[in-house]
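J.: Just so you know, we're using our numbering here: the sequence shown kicks off at 438 and counts up by one.
A hint or two may mislead.
Said to hold, decoys possible - Ranges between beta-carbon positions, derived for each pair:
1) 518 with 542: 41 to 47 Å
2) 729 with 628: 19 to 25 Å
3) 807 with 474: 25 to 31 Å
4) 591 with 762: 30 to 36 Å
5) 518 with 745: 36 to 42 Å
6) 598 with 763: 42 to 48 Å
If you are wondering where the hints come from, they were derived from the structure by calculation, not from laboratory data.
Remember, it's a predicted structure, so these values are computed and weren't measured experimentally.
For every residue, glycine included, the Cβ atom is placed at its ideal position computed from N, Cα and C.
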Amino acid sequence: MHCILSFFLSACLLISSLLPTSEVTPEQPPAEEVTVSAPSLVLMEASTGQVIYEKEAHTSLHPASITKIMTMILIFDALEEGKISLEDTVTVSEYAASMGGSQVFLEPGETQTVETMLKCISVASANDACVAMAEHIWGSEQEFVSRMNQRAKDLGMKNTTFVNCCGLDVEGHMTTAYDVALMSRELITRYPQIHNYCTIWMENITHVTRRGSSEFGLTNTNKLIRQYPYATGLKTGSTSQAKYCVSATAEKDGMKLIAVIMAAPDHKVRFQDATTLLNYGFGKCQVYRDENQDKLPGLAVQGGVEDQVPLVYESGFSWLDVTGSDLSAITKELVLPEAADAPVKKGQTAGKVVYKLNKKEIGSVNILFQKGVKKALFKDYFLKTLEQFLFC
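I would like the entire structure built from these sequences, with the hints used as guidance.
T.: Shown next, in the form of structure tokens:
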């Protein structure tokens with residue numbers, strides 16, 4: 438009887454060990470779930486480009502008017518290059534005025550400034566203004582779209598093809614939530630002045646045509662700028678094929694997040710999901726930043742016309758923490774040779790600065806030569822020796 442009881446207890450213990458348990462060891466914390474409804478989305482931190490949360494983020498989908506994020510990038514590119522200015526006047530073509538979908542009802546021959554067109558695009562999602570700007574900058578929408586695709590390629594948007602500049606449904610016009618986050622990041626980090634436009638809630642523009650002048654009210658399609666306290670933009674979109682999309686940007690305590698929602702079933706869900714993602718990111722993450730403003734020591738140069746060369750950081754450093762670490766424990770270590778051999782070129786890598794947390798490397802930034810130093814010739818040595826002799 439004792440043997441039977443022992444066997445029964447052993448069997449119970451064996452079976453119980455195979456059953457699932459609610460206990461989780463510290464080494465394997467439970468995965469955090471975010472309650473969202475849209476089939477495709479991503480949350481990205483802007484300064485690092487790191488993805489915090491994603492769901493089918495690389496699935497190809499119709500983007501609708503969030504296409505205009507790339508359109509606005511090209512407009513700001515042209516402004517930066519001096520190709521256009523905000524005060525330039527743009528003449529609306531017959532083709533641009535014929536655009537359907539969301540529009541501000543520009544008429545053929547009507548003129549508006551580049552800045553007004555930017556407001557029409559970023560606030561009211563105007564398709565007619567997009568095409569008018571495309572033609573103004575590159576002569577035709579086709580050429581403009583070609584530039585959009587090249588810009589997308591340069592940004593690493595591997596699953597994106599643009600066919601038009603406004604996002605109207607057409608075969609082959611596709612992107613992904615992740616790619617939208619990439620171009621959103623480019624727009625807000627390279628051209629932060631976009632926030633001056635995409636946070637406008639309501640504003641009037643004036644149509645001046647052969648029939649006279651009339652006022653037209655712009656109302657922002659992104660309701661988050663009124664509903665979410667940390668919202669800073671960016672762009673909504675909706676068509677029958679794309680359903681409801683948004684790329685929403687927000688900033689809290691210096692941290693900038695990008696939440697991209699695609700193919701949501703209705704406009705409420707896209708904003709609810711974006712809010713959920715942004716709250717999740719702000720609650721979970723913290724960013725370590727070092728602008729690298731401290732002065733670096735010079736580096737000795739062997740065999741050069743100068744004995745020392747100044748150094749400069751290639752960039753600042755940002756690192757996203759999602760574990761609640763003590764960021765004050767991050768250390769910074771210079772990795773440099775004792776000397777450099779001439780010649781050295783300006784901008785050439787001299788070494789790096791390594792960032793560590795709890796003795797583990799979390800990233801690095803290159804250190805560059807701030808100026809060039811030529812290799813010394815015989816005459817240089819002679820002049821240096823003569824100088825030392827005369828002033829000794």
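J.: Check the following: the C-beta atoms of residue 598 and residue 763 are separated by a distance inside 42 to 48 Å.
T.: holds (45 Å)
J.: Do the beta carbons of residue 518 and residue 745 sit within 36 to 42 Å of each other?
T.: Because 38 Å falls inside the window, the suggested range holds.
J.: Range hint 19 to 25 Å: satisfied by the CB atoms of residue 729 and residue 628?
T.: Given a distance of about 23 Å, which is inside 19 to 25 Å, the answer is holds.
J.: Hint says 30 to 36 Å; check whether the CB-CB distance for residue 591 and residue 762 agrees.
T.: holds (34 Å)
J.: Has the hinted range 41 to 47 Å been met by the Cβ atoms of residue 518 and residue 542?
T.: violated (30 Å)
J.: With respect to the beta-carbon atoms only, verify the hint that residue 807 and residue 474 lie 25 to 31 Å apart.
T.: violated (52 Å)
Checked against the numbered hints above, the structure violates hints 1 and 3; every other hint is satisfied.
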